[in-house]
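Each chain, letter by letter, is given below.
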Amino acid sequence: MVLLLALWSILLVYSSVVTLAYKYHGGNAIFYVFKHALFVGTGFGLIYIIHRINYRYFSRIAQLLIWIVIPLLALTLLLGVNVNNASRWLTIPFINQSFQTSDLAKLALIMFVARTLAQKKDDLKDFSGTFVPMMGVVLLVIGLILPANLSTAVVLLATSLLLMFMAGVKVKHLLTLVPLAISAIAIIIILAKTSPDFFPRFETWNNRIENFISGEGNSDGNYQTDQAKIAIATGGFMGKGPGNSTQRNFLPSSYSDFIYAIIVEEYGFLGGLVIILLYMALLYRSLRIVQQVKGSFAAYLVLGLSFSLVIQGMINMGVNVGLLPVTGQTLPLISKGGTSFWFTSISLGIILSVSRSIQEEEKVESLKQNRYVQA
Amino acid sequence: MESNKLILRRAYLLYFLIGMGMLAIVFRIFQIQVIEGSIWKSKAENLTIDFRKIEAVRGNIYAKDGSLLATSVPKYEIRFDPNTESLSDEDFYANVDSLAWCLANLFQDYSPEAYRERLVQGRKSGARFMLVRRNAKYTELSELRAFPIFRRGRYGGGFIYLQHNKRQRPFRHLAARTIGYDRQEVLPVGLEGAYRKALRGVSGQRLMQKIAGNVWMPISDDNDIEPVDGYDLVTTLDINIQDVAENALLKQLVKHDAQYGCVVLMEVQTGEIRAIANLSRDEEGRYYENYNYAIGASTEPGSTFKLATFMAALEDGHIELTDSVETGNGKYEFYGTPMYDSKEGGYGTITVKDAFAYSSNIAAARIAEKYYKDTPQEFVNRLYQMGLNRPTGVEIAGEGKPFIKSANDPSWSGLSLPWMSHGYEVSLTPLQILTFYNAVANDGQMMKPMFARRIEKHGEVHKIFDPIVLEKSIASKKTIEKSKEMLEAVVEYGTAINLKGAGFKIAGKTGTAQISRGKYGYDKVSYQASFCGYFPANNPLYSCIVVVNAPSRNVYYGNLVAGPIFREIANKVYSTTLDAQEEISDFNGQLASGRPLIPVSKNGIEKDLTQVFNAIGVPYVDECDGFWVSTQTGTDQVAMKEVSTVENLVPNVVGMDAEDAVYLLENSGLRVLLEGRGVVKRQSIQAGVRIPSGKPLIKLVLS
Numbered sequence: 001m002v003l004l005l006a007l008w009s010i011l012l013v014y015s016s017v018v019t020l021a022y023k024y025h026g027g028n029a030i031f032y033v034f035k036h037a038l039f040v041g042t043g044f045g046l047i048y049i050i051h052r053i054n055y056r057y058f059s060r061i062a063q064l065l066i067w068i069v070i071p072l073l074a075l076t077l078l079l080g081v082n083v084n085n086a087s088r089w090l091t092i093p094f095i096n097q098s099f100q101t102s103d104l105a106k107l108a109l110i111m112f113v114a115r116t117l118a119q120k121k122d123d124l125k126d127f128s129g130t131f132v133p134m135m136g137v138v139l140l141v142i143g144l145i146l147p148a149n150l151s152t153a154v155v156l157l158a159t160s161l162l163l164m165f166m167a168g169v170k171v172k173h174l175l176t177l178v179p180l181a182i183s184a185i186a187i188i189i190i191l192a193k194t195s196p197d198f199f200p201r202f203e204t205w206n207n208r209i210e211n212f213i214s215g216e217g218n219s220d221g222n223y224q225t226d227q228a229k230i231a232i233a234t235g236g237f238m239g240k241g242p243g244n245s246t247q248r249n250f251l252p253s254s255y256s257d258f259i260y261a262i263i264v265e266e267y268g269f270l271g272g273l274v275i276i277l278l279y280m281a282l283l284y285r286s287l288r289i290v291q292q293v294k295g296s297f298a299a300y301l302v303l304g305l306s307f308s309l310v311i312q313g314m315i316n317m318g319v320n321v322g323l324l325p326v327t328g329q330t331l332p333l334i335s336k337g338g339t340s341f342w343f344t345s346i347s348l349g350i351i352l353s354v355s356r357s358i359q360e361e362e363k364v365e366s367l368k369q370n371r372y373v374q375a
Numbered sequence: 001m002e003s004n005k006l007i008l009r010r011a012y013l014l015y016f017l018i019g020m021g022m023l024a025i026v027f028r029i030f031q032i033q034v035i036e037g038s039i040w041k042s043k044a045e046n047l048t049i050d051f052r053k054i055e056a057v058r059g060n061i062y063a064k065d066g067s068l069l070a071t072s073v074p075k076y077e078i079r080f081d082p083n084t085e086s087l088s089d090e091d092f093y094a095n096v097d098s099l100a101w102c103l104a105n106l107f108q109d110y111s112p113e114a115y116r117e118r119l120v121q122g123r124k125s126g127a128r129f130m131l132v133r134r135n136a137k138y139t140e141l142s143e144l145r146a147f148p149i150f151r152r153g154r155y156g157g158g159f160i161y162l163q164h165n166k167r168q169r170p171f172r173h174l175a176a177r178t179i180g181y182d183r184q185e186v187l188p189v190g191l192e193g194a195y196r197k198a199l200r201g202v203s204g205q206r207l208m209q210k211i212a213g214n215v216w217m218p219i220s221d222d223n224d225i226e227p228v229d230g231y232d233l234v235t236t237l238d239i240n241i242q243d244v245a246e247n248a249l250l251k252q253l254v255k256h257d258a259q260y261g262c263v264v265l266m267e268v269q270t271g272e273i274r275a276i277a278n279l280s281r282d283e284e285g286r287y288y289e290n291y292n293y294a295i296g297a298s299t300e301p302g303s304t305f306k307l308a309t310f311m312a313a314l315e316d317g318h319i320e321l322t323d324s325v326e327t328g329n330g331k332y333e334f335y336g337t338p339m340y341d342s343k344e345g346g347y348g349t350i351t352v353k354d355a356f357a358y359s360s361n362i363a364a365a366r367i368a369e370k371y372y373k374d375t376p377q378e379f380v381n382r383l384y385q386m387g388l389n390r391p392t393g394v395e396i397a398g399e400g401k402p403f404i405k406s407a408n409d410p411s412w413s414g415l416s417l418p419w420m421s422h423g424y425e426v427s428l429t430p431l432q433i434l435t436f437y438n439a440v441a442n443d444g445q446m447m448k449p450m451f452a453r454r455i456e457k458h459g460e461v462h463k464i465f466d467p468i469v470l471e472k473s474i475a476s477k478k479t480i481e482k483s484k485e486m487l488e489a490v491v492e493y494g495t496a497i498n499l500k501g502a503g504f505k506i507a508g509k510t511g512t513a514q515i516s517r518g519k520y521g522y523d524k525v526s527y528q529a530s531f532c533g534y535f536p537a538n539n540p541l542y543s544c545i546v547v548v549n550a551p552s553r554n555v556y557y558g559n560l561v562a563g564p565i566f567r568e569i570a571n572k573v574y575s576t577t578l579d580a581q582e583e584i585s586d587f588n589g590q591l592a593s594g595r596p597l598i599p600v601s602k603n604g605i606e607k608d609l610t611q612v613f614n615a616i617g618v619p620y621v622d623e624c625d626g627f628w629v630s631t632q633t634g635t636d637q638v639a640m641k642e643v644s645t646v647e648n649l650v651p652n653v654v655g656m657d658a659e660d661a662v663y664l665l666e667n668s669g670l671r672v673l674l675e676g677r678g679v680v681k682r683q684s685i686q687a688g689v690r691i692p693s694g695k696p697l698i699k700l701v702l703s
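Protein sequences appear in the order of chains X and W. Using the working numbering, you'd call the opening residue of the first sequence number 1 and step up by one each time. Using the working numbering, you'd call the opening residue of the second sequence number 1 and step up by one each time.
Hints were generated in silico from the structure; no laboratory data involved. The structure displayed is predicted, hence computed values, not measured ones. It is possible that part of the hints are untrue.
[Stated by the list, open to error] In silico EDC-like pairs for lysine to aspartate or glutamate, Cα to Cα no more than 20 Å straight-line:
hint, chain 1, residue 1, chain 2, residue 2
1, W, K478, W, E488
2, W, K405, W, D443
3, W, K255, W, E226
4, W, K5, X, D226
5, W, K484, W, E315
6, X, K240, W, E36
7, W, K41, X, D123
8, W, K41, X, E362
9, W, K484, W, D316
10, W, K641, W, E623
11, W, K197, W, E488
12, W, K64, W, E460
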């Protein structure tokens with residue numbers, strides 16, 4: 001646990017330095033840094049609060065949350081704030097803070113899948129009784145996210161499937177999705193071509209994927225990846241040093257989607273490697289928790305949340321180094337972006353809550369043992 | 001627990017897979033850095049976007065009275081991006097005609113058709129940074145911003161402008177070298193250079209993109225970091241006196257066909273420089289400011305230096321003003337080298353005071369020789385005590401070093417002392433000599449010459465410069481008093497008797513130095529005429545030095561070449577300085593001495609003139625009822641005659657002041673260019689000529 005906290009604080013130092021450095025030219029850099037620090041602070045608060053909650057409650061919460069999330073997502077799609085042709089944001093009334101509903105949905109869906117898997121632990125092999133209803137909910141949520149945010153939908157689908165795979169759902173069942181996915185993609189393409197208004201983001205996806213496949217080009221998408229590669233190449237082994245990035249001036253979204261490239265530029269190959277190792281350590285730590293935990297729900301919960309975090313990070317890094325087409329995935333815990341930081345914090349809080357329960361059970365065990373010895 | 005084992009097995013499998021993915025990322029970084037590294041690095045060097053400096057608006061330089069001496073005028077380079085993304089074909093072609101018309105109408109250089117052609121061509125050829133106009137004025141920029149298409153701004157309408165600041169001196173050549181300049185990669189000059197830090201301000205930054213041909217195009221509409229304007233500098237210069245000084249100097253230089261000359265006028269109590277003019281002749285015989293001789297040119301001063309010699313001897317108690325000195329027949333040999341006085345046959349035996357007044361070289365040399373022959377260092381130390389070996393430390397760069405030879409110098413010889421006594425084998429700049437004379441005028445207190453009064457911004461004072469005392473007292477009170485008496489004698493009956501005049505007394509010393517020409521010695525003679533002094537003699541307010549180098553018309557004496565310049569400046573300053581005026585009783589005396597009773601009147605509007613005449617009780621004859629009148633000042637009254645202005649004919653404005661002349665001429669459809677100050681003396685288009693069409697330029701010379 002100490003290890004985890006240390007890990008986060010290191011990540012956060014990175015984060016603040018990079019954000020600070022980025023906005024150096026902005027005139028109101030202090031405003032941004034302060035705002036980010038505020039989010040980080042409240043994020044820590046959230047972690048602490050949530051880790052005090054017994055994880056068993058999350059099972060109930062998941063059930064409730066999933067039915068809140070589905071209408072919310074629909075609402076976002078219809079009313080949400082339109083950023084770059086993508087309706088992803090919804091403003092919470094009263095506190096006037098907008099957030100991406102897909103972040104909430106991610107949390108809710110993982111909790112929901114974990115709960116369902118745990119409840120139907122013994123009937124996992126049942127295709128129509130277990131797999132289909134569960135998959136139905138998953139696909140519904142993903143389907144609502146997809147028009148605005150393809151990459152998040154993909155991450156979420158991948159996490160859900162991985163979770164089911166780990167829980168022991170038959171691979172054969174999972175494979176039934178393949179023809180379904182293919183037909184879904186076909187329908188989207190046809191729909192987009194015939195009535196472009198239905199999928200406003202289609203053109204962007206198309207461009208980005210085409211750029212990625214063709215490799216060379218002069219459009220905006222390639223401008224981003226080129227600048228990112230320049231950042232990585234000029235970083236060298238040791239980097240240019242904190243705050244010395246020059247590419248941040250040219251790289252759009254250098255504080256969120258392309259932060260990894262800036263990290264490599266400022267801290268070098270070494271810095272990039274450390275980030276990856278930290279993520280792997282986080283994931284390993286989660287697996288250790290799973291190893292010690294008793295209930296299946298707890299295990300699935302930790303696995304789902306940690307894998308989704310790390311997969312998201314991996315996608316971000318993959319995009320930055322040019323392994324994947326451009327997406328809007330942020331680097332969890334590092335990128336600037338207030339509310340998604342909160343949701344990450346909530347995830348970590350839940351993982352820690354599970355971890356805490358193990359320690360307490362051990363304590364109870366040892367107490368029992370002590371009593372036994374005394375008696 | 002069984003199921004958890006299965007979970008873990010599968011989880012670790014996935015962990016392994018993710019690890020592989022991460023490994024791929026690490027490998028990719030390695031690939032980008034090492035294998036493709038050179039490609040990306042070279043791309044980085046050719047990066048086309050950068051933060052570029054935008055110059056701040058440089059502060060103004062003002063004269064003492066607030067006249068603008070140097071200012072920055074913003075000029076704009078207007079560019080157009082006809083292919084900006086949000087400008088559709090439809091929008092472009094709907095508005096291009098009116099845009100072309102507006103441009104043609106504003107600049108009046110090409111026809112609307114030609115503009116349209118260019119704009120359309122630009123759109124078709126994919127231009128992104130078309131030049132519309134260089135050096136557009138601010139008013140033009142404001143208009144351009146309201147034009148069709150342009151009014152949508154940088155992104156919407158492709159309207160791009162870049163600001164450059166042009167430095168201008170409204171009085172052009174006046175004190176040009178002292179105002180100076182501060183340009184890139186050139187050593188800064190004058191006050192612009194001395195106060196460059198304050199004047200410059202803080203540059204801003206703007207994100208710009210490099211496009212073909214090493215041209216930088218701004219990316220955003222606004223400056224990313226706004227530049228901070230520089231501070232304004234208020235100088236001690238008086239533009240009116242400066243003008244008089246410059247003109248008086250020019251007149252004498254032309255008259256004597258001199259190489260160069262300079263004039264400096266200093267306020268006695270503060271050391272503030274009121275005027276500083278430096279003119280030198282170019283190959284074509286024209287005079288202009290190109291070197292600050294007053295500050296930079298350290299030369300042998302000649303006879304003006306005698307003051308120091310006499311003061312040293314007075315201070316040491318060796319001589320009194322009434323002591324006799326033998327000057328003989330005008331020729332005296334020191335160690336076989338002859339020395340001459342300027343008067344044929346010599347002055348014979350005269351008093352010390354007369355010797356100074358007549359500027360006897362032999363007297364100065366013999367006094368020095370007599371009292372300091374065995375202890376020359378004592379003499380040199382006295383000169384050092386009077387601060388003569390120290391630079392004034394003016395803020396303007398390039399001050400010439402003063403040189404007073406020490407007796408320990410290896411080049412010191414028996415001739416050094418007698419020759420130093422009248423200003424040879426020493427070297428001083430005009431400003432250093434003036435500073436010394438000013439100290440005498442200021443009762444012994446030596447002031448640092450100062451050019452800057454204060455630094456301010458938008459009228460708010462940021463820093464005030466106080467006068468600086470260089471030397472509390474260069475000599476005893478008695479010595480100063482005696483020195484003043486000698487200096488007054490020079491004008492009273494000595495070498496500068498031609499400067500004696502009514503009204504106020506001048507005190508000073510002439511100097512006529514032979515200029516050594518390196519290895520040719522003094523054989524091929526050329527002279528430097530100078531006059532340094534102060535006025536009014538009984539209550540010194542200003543000190544002034546005039547130096548004219550190499551006058552070539554056979555007249556080279558300080559009193560004749562430099563003296564008149566001094567007199568003209570002194571008259572002007574005296575007449576405009578109320579503090580300097582004597583009591584009113586003296587004014588009556590002037591009237592009695594035959595000065596005209598009736599003031600000279602300018603030509604102008606009849607109504608205004610009669611009102612003024614009535615108010616101050618000047619008798620006048622008004623024989624007309626026109627609007628514009630010319631005046632003729634008689635001995636006891638002013639006669640006014642009508643000036644007829646006929647439509648389409650150029651009116652006669654000679655004798656009017658600038659305000660009236662400009663009003664009249666501009667109303668007649670002419671554009672006016674003024675030169676000088678005062679009353680119109682000449683007009684470039686004769687009166688009565690039919691006014692040519694198209695707003696022609698008429699030049700007025702005022703004085």
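Okay, the hints, checked on the actual structure:
1. W:K478 / W:E488: Given pair W:K478, W:E488 holds - Cα atoms ~15 Å apart, limit 20 Å.
2. W:K405 / W:D443: Given pair W:K405, W:D443 is violated - Cα atoms ~26 Å apart, limit 20 Å.
3. W:K255 / W:E226: violated (53 Å)
4. W:K5 / X:D226: violated (45 Å)
5. W:K484 / W:E315: holds (14 Å)
6. X:K240 / W:E36: Roughly 19 Å between the alpha carbons, so the hint for X:K240 and W:E36 holds.
7. W:K41 / X:D123: violated (57 Å)
8. W:K41 / X:E362: violated (55 Å)
9. W:K484 / W:D316: Status holds; Cα separation ~17 Å.
10. W:K641 / W:E623: holds (6 Å)
11. W:K197 / W:E488: violated (44 Å)
12. W:K64 / W:E460: holds (15 Å)
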